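Colleague: In full-length UniProt numbering, the protein residues as written are 1 to 910.
Since the hints were made in silico from the structure, they are not lab data.
All figures in this text were calculated on a predicted structure; none of them were measured in a lab.
Among the hints, a few may not be true.
Pairs of lysine to aspartate or glutamate residues, derived as DMTMM-like cross-links and limited to a Cα-Cα distance of at most 20 Å, are as follows [said to hold, decoys possible]: (1) Lys551 - Glu423; (2) Lys519 - Asp812; (3) Lys730 - Glu646; (4) Lys793 - Glu803; (5) Lys519 - Glu810; (6) Lys519 - Asp505; (7) Lys738 - Glu797; (8) Lys693 - Glu723; (9) Lys506 - Asp812; (10) Lys506 - Glu810; (11) Lys835 - Asp633; (12) Lys346 - Glu537; (13) Lys421 - Glu542.
Cβ pair distances, simulated, as ranges [what the hints assert, rightly or not]: (14) Asp647 - Lys693: 27 to 33 Å; (15) Asn710 - Glu772: 30 to 36 Å; (16) Thr686 - Asp507: 39 to 45 Å; (17) Ala352 - Asp684: 18 to 24 Å; (18) Asp345 - Ala403: 31 to 37 Å; (19) Arg425 - Val697: 47 to 53 Å; (20) Asp507 - Ala352: 46 to 52 Å; (21) Glu672 - Asp345: 36 to 42 Å; (22) Val863 - Pro528: 41 to 47 Å; (23) Ala610 - Glu803: 28 to 34 Å; (24) Ala352 - Gln451: 28 to 34 Å; (25) Asp505 - Ile656: 22 to 28 Å; (26) Ala610 - Asp520: 29 to 35 Å.
Idealized CB from N, CA, C, for every residue including glycine.
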Amino acid sequence: MPKNDKRMNGFENTHPEDLAAKEEKFRTFFSTSVAQVPDEMKRRDDDQKNPDTGKPGILSRLLGRAKEEAAAEPAEEPKAQPQELPPTGEIRLGGEEEAAEPEADLELAADFFAPETPAQTPAAPEARSAPAPKAAAPAAPKPEKPAAPKLEKNYVRGPLTPQEQKEQSEMQELKVLLFPETPPAKAEKPMEVKNAPQEVLGVETEALEDEEKAAQPPLPKMVFAEDVARAERAAATAPATPKAEPEEPMKPFRFFGVGDDENAPAAPTRETAPGIDDSMSIPLVGMDDTAPIEVTAAEAEAGTEAKPEMAAPAPTETPAETPDAPAEAAPEEEAVPETPEQVGDKLHKMGAELTLRCVLSGILAVVLLHFGLVAAGLLAPIASLDPAVAPAAFYAANLLILAAALAVAYPVLRDGLSGLKKENRPSADTMPALAACGAALEAVIALLNAQNYQNSRWTLLSGIAALGLFMALLGSRVMLAAVQNGYDLATKDPEGLQGALRVKDKDLIRVLARSLDQKDPWVLLSRPVQWDEALVEQSFGERASERRARKTAYILLGASVLSGLVFLLFGGGLNGMAAAIAAMLCMGAPLSSTLVAGLASLRLQKTAAAAGAVVPGWAAIEELGGVDTVQVDADELFTTDSVSLEDIRIFKGGRIDRAILYAASILNQSCETLRGLFRQIIEDRTDILYPVKDLEVHHGLGFAAWCDNNRILIGNRAYMEREGVPVPEKEYEDEHSKNGSLQILYLAVSGSLHAMFVLRYTGGRNAARGLEVLQRENIRLLVTCEDPSLTAKHITEAYHLPEGMITLLEQDQCEALAAPSEPENAARCCMLHDKGFVSLIGGLRAAEQAQNAEMTATTVQLVSVWFSVAIGALLTYAGSIGTLSVAAVLMYQAAWSALSLAVCALKQHN
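Let the hints inform the model, and build the full structure from the sequences given.
Modeller: Here it is, written out as structure tokens:
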């Protein structure tokens, strides 16, 4: 105890410098031993004095800031000669780091966010290696000197390993990202250690960082494509370029709190364009190199050309912000499909409007015909409108009524005159519209020269032109009635309708043509359909007669102009020119121009509706007219009443009740033709049937399934032989089938023959009529048959058809013809009909009759126009074309119109 007290008293009386020397000696003693003493033993005294002091922080190690020791001079032992020690005064066995003193920790934490200061040149190693002699007596406390940069211990180590170089480069990248401000580059480097074999670590860490930052090239600026687009829009809309202001330097990103990027989000900019694979906005930095990967101008241009959408993506603005958004939204609203009820209301409104126009146009036509007959002296005039007494009033009233007729028949004028242009749709209203224009020209000139026109011999044909407008409106109204009838039938039971469409798939045609002699057949299929409003638009589609009528209208217009020029040049004057043009056009324009097509369509829809079919428009009629092959199912040719059971033969080990139940169970789920027959046998008691599992259908061969834990096979002789089931001799089969006049169906249970059914097929009367129509039109039949007992020969003999007309499709062909999961669009179909062969053939026959009738009637119309042009040319040569009587032109037009309508009706009736 006295010894310890004495030491404590001496320790307390010792000068602070002596205490530091003793402490350094104590630390050096333990560190120079071979054994590795834990830190707890080495720093026990310090830990007691400063319990809160810890080891260096992790962040300071990442930034390369080593801890600094206290600036205390090395102390010497008392009464001993100075002894030179290694620079560190210790032996490093494993390269461990010294524990930093508390003052260094506090200093580092305070300097972490402080701005970096320029590096100072350290003192020479020679001056620092010699130990300073210790003073004999404790000196007076010296005044504090200004803080000098604390230097790390100077020791020499070998060159950096690749791993250390990589870590150093990563640290530099992190520093660049955290502190983007780059200090100005220095003119000279104080140290050149690039080629040095060893690295001297005795300089200040901040100086090394400044030198490395100065040696690095500046990182390129980054830019987003959205900023480019935003800058272009701002430059385009800005009224004037504002004065450029110096940009505020970017502040370091703060880990906590509200950062600058959150307050004012703005994307950085870069000087070079992005490359092809540049999908990020930060510069690409290599793993082994601290310099960023720069993109050359050529690579940037190539990348921009290769993928322009990456360089300039679409702006993320809402449609409401762009001025074109309302214009783009309008078509989407118009594209909303209308319901059948809305389409029906629209058709009714159109019908009411056309009916009113027809009534008004008819009244005005009668009045104008009366004016024409009065001008010709065939009827007595009204007292106030006598052409002999008041010609100006008479011709003014005529022009006023004609203008009213033109206004009422505005749709005819609009469609007719626009049909003269080749880029527009042709119209059957073209020739009546031309006649109305010629009559209007004549009425205007007659009003301007009223007295002179009345005294001349020129006739007034405004009534004939108004009658032509009335007949055109009447034909449009009849056409609308035909469309309404078809629409009502199509919407009456839309779920039960089938759509007939022509096959246009080349691959499917190639598969089907394998069984036919023709390479490119027009095959008509039937599929379930869904309603589409385009079906009504298709009904008002362009017709072949309209295309031919436009060509004829050109001829008629040219002839009328030529006739008017002849009268103008050869003494007829303006009155003669107008009368000649009006007479040629009114005589040549047929009154039944649109009425023929309307009546043909109306008769077509009535005939097709009798069979439960609808043919929408002339395009569908033409498509049906080119069909040469029709695909049907065998159950449409042979209904339940067409099949009868003649006999049942049970083989050894079989039972007739089980045979009927097995056959009824499988055929009830697989074969439409034989389902009804066996359900009649069991009296529709489907509850006694066996459950069917794993049903397999082999077209033209038979069926296979599991019933009552037995493998059941039902099919013809070829199917049983293929499955290895023994069958009776051919003579036995011919005996019971009466040499092929009856059909044989075998039943096998678990690999053994169980029963043989003898069936008889008879053709139906309605199906026979439809097949007769197809035979007359030379149309072939492709039959998909699931009944294994039916063959093409049996169908041909049952209906007495010519050989080669019936073709049974094979397994792969039937699979190719399988109906799609979704119903077809009605707009793609050329006919809608009820399910069944009779409805399909009825619509096909009605379309064929309508096509023949309309083509023949329109041909008669065109002949009447050409004949009228010929007569007009002769009358022009005689100089009497303008003096034609109104009654004569009226009877001439009535005769040709009656002939064309009669031909149309007769062709459809036959």
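Colleague: Please go over all the hints and tell whether each is borne out by the structure.
Modeller: Against the structure, the hints come out as follows:
no., hint, result
1, Lys551 - Glu423, "14 Å, holds"
2, Lys519 - Asp812, "18 Å, holds"
3, Lys730 - Glu646, "19 Å, holds"
4, Lys793 - Glu803, "8 Å, holds"
5, Lys519 - Glu810, "18 Å, holds"
6, Lys519 - Asp505, "13 Å, holds"
7, Lys738 - Glu797, "14 Å, holds"
8, Lys693 - Glu723, "19 Å, holds"
9, Lys506 - Asp812, "16 Å, holds"
10, Lys506 - Glu810, "18 Å, holds"
11, Lys835 - Asp633, "11 Å, holds"
12, Lys346 - Glu537, "12 Å, holds"
13, Lys421 - Glu542, "15 Å, holds"
14, Asp647 - Lys693: 27 to 33 Å, "30 Å, holds"
15, Asn710 - Glu772: 30 to 36 Å, "45 Å, violated"
16, Thr686 - Asp507: 39 to 45 Å, "40 Å, holds"
17, Ala352 - Asp684: 18 to 24 Å, "51 Å, violated"
18, Asp345 - Ala403: 31 to 37 Å, "32 Å, holds"
19, Arg425 - Val697: 47 to 53 Å, "49 Å, holds"
20, Asp507 - Ala352: 46 to 52 Å, "49 Å, holds"
21, Glu672 - Asp345: 36 to 42 Å, "40 Å, holds"
22, Val863 - Pro528: 41 to 47 Å, "45 Å, holds"
23, Ala610 - Glu803: 28 to 34 Å, "32 Å, holds"
24, Ala352 - Gln451: 28 to 34 Å, "44 Å, violated"
25, Asp505 - Ile656: 22 to 28 Å, "48 Å, violated"
26, Ala610 - Asp520: 29 to 35 Å, "33 Å, holds"
Hints 15, 17, 24 and 25, counting from the list given before, are not met by this structure.
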